[in-house]
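Those protein sequence lines, which keep their order, are chains C and U.
With numbering that gives the first Met the number 0, letter number 115 in the first sequence gets 114, and the count goes up by one each step, no holes.
With numbering that gives the first Met the number 0, letter number 451 in the second sequence gets 450, and the count goes up by one each step, no holes.
In short, the hints are calculated from the structure, not lab data.
Some hints here could point you the wrong way.
As the list claims (entries may be wrong) - Label-pair restraints from in silico Cβ distances:
1. U:Ser503 with C:Lys27: 32 to 38 angstroms
2. C:Lys27 with U:Gln261: 32 to 38 angstroms
3. C:Ala118 with U:Asp43: 57 to 63 angstroms
4. U:Asp43 with C:Glu64: 25 to 31 angstroms
To be verified - Over the 12 angstroms line for every Cβ pair with chain C, so calculated as not near, a few chain U residues:
5. Leu92
6. Ala132
7. Ile514
Claimed, not checked - With a cut-off of at most 27 angstroms between alpha-carbon atoms, the simulated DSSO-like pairs for lysine-lysine come out as follows:
8. U:Lys220 with U:Lys294
9. U:Lys217 with C:Lys100
10. C:Lys127 with U:Lys294
11. U:Lys560 with U:Lys518
C-beta atoms are modelled at their ideal positions from N, C-alpha and C, and glycine is treated no differently.
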Amino acid sequence: MNFTRRETLALGAAAMAVAALPLPALAKTTDELIAEFTGGADVADEGVELDAPEIAENGNTVPIEVAAEGASAIMVLAGGNPTPPVATFNFGPLAGASRAKTRIRLAGTQDVIAVAKLADGSFARTSKTVKVTIGGCGG
Amino acid sequence: MISRRDFLQTSMAATAILGASAYGNWGRLAAQQALTQDQLLEFDTFGNVSLIHVTDIHGQLKPIFFREPEVNLGVGGNKGEVPHVTGADFRRLYGIDDGSPSHYALTYDDFTALAREYGRMGGLDRVATVVNAIRAARPDALLLDGGDTWHGSYTCHHTQGQDMVNVMNALKPDAMTFHWEFTLGSERMQEIVEGLPFAALGQNIFDAEWDEPAELFKPYKFFERGGVKIAVIGQAFPYMPIANPGWMFPEYSFGIRDQHMQQMVDEVREQGAGLVVLLSHNGFDVDKKMAAQVKGIDVILSGHTHDALPEPVLVGDTVIVASGSNGKFVSRVDLDVRDGRMMGFRHKLIPIFSDVIAPDAQMTALIDEQRAPYKDALAEVIGQTDSLLYRRGNFNGSWDDLICAALMSEREADIAMSPGVRWGPSLLPGQDITREDIFNVTSMSYGEAYRTEMTGDYIRIVLEDVGDNIFNPDPYYQQGGDMVRVGGLGYRIDISKPQGQRISDMTLLKTGEAIDPEKSYVVAGWASVNEGTEGPQIWDVVESHIRKQGTVSIEPNTSVKVAGA
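Chain U with its partners taken away, still in its complex shape (with noise of 0.2 angstroms):
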């Protein structure tokens, strides 16, 4: 007789991996002769039950480039593991070859080059295409979405989440958990969410007062699908009021509550579901221990720290799945659920590759009416970029060094800080910056630009504290995004060390002189998680820099010195 572990792992080995598909080397035909949408989405269903997972979309409607991290450290008893892998490293983990499409998808070298032979990734029109296709061979797979969907983009900014909702919509999901989403204030969150026609999850989001579970949102469904009893178990971002303001959505505490989330188990068990499902916004390192704590949950959908890896994880007898983000991809879970048990799985991580995959109609109409009240202003070319922006790494990207150019000249400051923040898509060198392309990486609804002074000292306290964020070995102390970005500064940062020991020669970069703990220092930054922040809007002072430059020219940044890696 098989074990259930030994069918899980049987079913692993067959799980479809794109990337073992090979293409060629350089120089192979385009991206729309070389594949095909029916390569991309197909698919033997298996067993009974579909999921389909879209995560971390951040407002992106339309196809976009985005290149993924090249740095990308675990510590602890993550160093080296996934996702904490990069580049050629990750394709040889994958078997992906290099020059092939997964290249392109998954790992961040040659990016330009690649990007330019298979295009822009993402659109939801397209991912409305993936979707319709599934539900064709499953009319009741179930469409979940991890949230950071309200937020990200010019409109999403203009329309307060409207234009993500209206589209999302369109695509009828039948469950959602949050995070970005409660940066539109409490208020706002709350007329959306009264209005959803699917469930609002979320079994940490609790009454801040009361320290009981929210109202407004309930733990988990349940979902008879393919003749099992489903439950969907929302996990919303843990560290909301810390990583955001807080003061913005005051009614609501948050927090990891790995024990709540064992009642909520053990609770839809008893209630006879055959199958638990995890629709989270932990993150990926955070999900892999809480699988490892929790007992009972099947399939973890991973959301939060933008991973996209092509085969999921298994922690004890938990999947793990983590799906990317801005649009680039689609993931499809078939199960096999019989007498309560999960018997096996299949899985694949669809790359939305915007020019194989035909666009829905319905829906690039419906898209094109949420950017239509706003095409003028997000088609405004404000310069030029003569380099690759990006953002994704652990310490900085290009879009962050230009946006902490743009605060220390336009702000004049001797320092500058921008949040270290996954979202925001690429622009290849040679194109043009539009609005649009500024409202991608800076829209947010807390986006004043500060100016003040700081000591040498409270900086480096700053340093340590993100650090610690990231870099803390026990992951439930993470909070899932990357180094705050710094300009006008270099720094040594060992991530192996303790908090408060991390970070050291920190030297200012316009007179090579080491900071000086007592001296204080004109800082300019945006994103402030404190209530009050006076200052222009990030954006303004960015498209301002840019006008100036004309063309933009990003030098690589070494200001970064990493040890303990």
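So here's chain C without its partners, still in its complex pose (with noise of 0.2 angstroms):
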């Protein structure tokens, strides 16, 4: 599927509900928020992509973007963060496609994870490592 830079930016406008989250008087674990989301069902390991780069050019602003054919809902966590959530994307029926796109801070490197909510109400995860470095030299 492509999308132009201007439809994937509307298209974000308009599913988008980034929560702020308000920080919660102890961080809880991804396990823990997991199972919020998921009411404690099972979660399969197949029907969430999650694109993010394999090594950081910038800790600090790391393009991800994720998609679940007809999700109602996508969570996106960073582990290894201080609050490991990043941002819960709603998606309404009137919603063209289950998928969003943003960028993310990284504390360092880690596992991050998106798990969505299908559209028969299953769940799904999948997670990548991102790398966060503090740079090399190159061949």
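Got two chains here, separate frames each, mind docking them using the hints?
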């Protein structure tokens, strides 16, 4: 699927509801957050896509993209951040596609996790390790 | 009926391997008598398409000595796999006789003795002769440049890449991809690319602000050759803003982007490509993984990690060709493409023995014209060397030992760090060291030699970080350089461990004491990726050191203990 920049931005604006998450007194673990999102249901390993760089060019602004066909919501977690919740994208029935793109800040090398609530009410997750390095020397 | 796989493997067996020729043992005739240009160029033209691949020339217009690595360790699934095979093991693997021309060209041992026999390699005027010969046999052969071309020498530095652009344009490539070129800065890069008479490709070169394909670089280009619609897709070095100073080209973002690569392959196939060629600066292990992840690539012309392989490596139905560096080799790949499919191939890694292959006179004149304004500066003798000076190796090289010694003495530091780059020709014992030689191993647009304080713990973090760029078992997380070289510091590395657990036993060599994580040490280094780095240029530091030494001698480096290999 291809989107132009304009479409992606419009899509993001229409479909995205990024919760400004208040700082919890005690940061919940990613497992707790996932359990909260899924209500404890089983989570499949296939059904949600997460695109993120293998190594971040700048840990302060890492482009990521999540997509899951027909999903009503996709939660993104950065397990290694002081506060792991990044965003939950909710997609209404009029959303053209359950796909969202944004940039996130990563405190260091860690797994970024996406959990989707699919059209049939089941859940799927995926994750990708994003390295944040201090820079090296190329061949 | 013969399946495609069978056909590929049959062709594989027929691959022309220069190393299979026997040239006897020690005391043989000099290269120009034992080898002929006809032998080096011998190739039974095959199929209907020819590809010519050059890569990682690093500004080397003239013939050079270049010693291949002794230590080149693979991890994970690539442990013990080519290109992570060196020396006698490499020769046994490819049936190369000890003391043969291929021994000298492709492996490290007995380098000095063999170099004296066989002479220098490379030189773009010899490369021109080879390219012209291939074009004589196949006039519409595609010449593809894998990048790291406009970088790496005195003249390249002082002309901001113009010498290489002029010479390569005369060679008439059809397409190119990039790495160090970006360290000329995005403005200069744009100026050159806009005037290029061939395609500048990179499907992974994105606009950093919008995360969309950059306009200046196209993802692919179509060529009609031998009745075949050929798509050449470019892949620039994925980790440019991390391994090199991103502030010099802030408009661009890179990355591996294998999903986008798959889209590009699907797109060109839909448009009728009968052959999909990936011109890649990924590095060999990354290309192997990409060949497995992305479906539909026929040939990967692999660059970046400077590996020279006498046979292609097959991953599924994808043929991966690695063509060495510094102008030492040209690869020729002939393909039989029919009915929209690659049916077979024939390949030869052509070593450019400069005393055997006649230089192309026009190209020699053009090269000399680029060098003429700098003749005296290039030729000035700074000192001599008693030792073989080389760079390649995962942990150290004698050139870097010399550079680290220069940094420690000239900058009065406890510890020195030198980047693990893989470019830079070698010098034989007894040779003069000229200014050109020093620039060949140090030239870059961010060569300032810094002097700073680092705690023992921070030094360990640096070593761990760079170590993971090489020894992460997943190739997509590797950046393709070697380990940062250190002077004044010993350590142990277990390459089989994860990041944070590889480095131990750090020792300050001048006192023999263990490095204290809390204590600060004076560290001198160069090639920082940070903006605003201050200090004298590294080539001036090295020149000053060599002048004081007169003749340099480098003791074998035993300061790094390697485990887990």
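Quick rundown of the hints versus the structure:
1. U:Ser503 with C:Lys27: 32 to 38 angstroms: 35 angstroms, holds
2. C:Lys27 with U:Gln261: 32 to 38 angstroms: 36 angstroms, holds
3. C:Ala118 with U:Asp43: 57 to 63 angstroms: 59 angstroms, holds
4. U:Asp43 with C:Glu64: 25 to 31 angstroms: 49 angstroms, violated
5. Leu92: Its Cβ never comes within 12 angstroms of chain C, the nearest being 23 angstroms, so this holds.
6. Ala132: 30 angstroms, holds
7. Ile514: 18 angstroms, holds
8. U:Lys220 with U:Lys294: 19 angstroms, holds
9. U:Lys217 with C:Lys100: 23 angstroms, holds
10. C:Lys127 with U:Lys294: The given pair, whose Cα atoms are some 21 angstroms apart, holds under the 27 angstroms limit.
11. U:Lys560 with U:Lys518: Given that 27 angstroms is the threshold and the Cα spacing comes to 23 angstroms, the pair holds.
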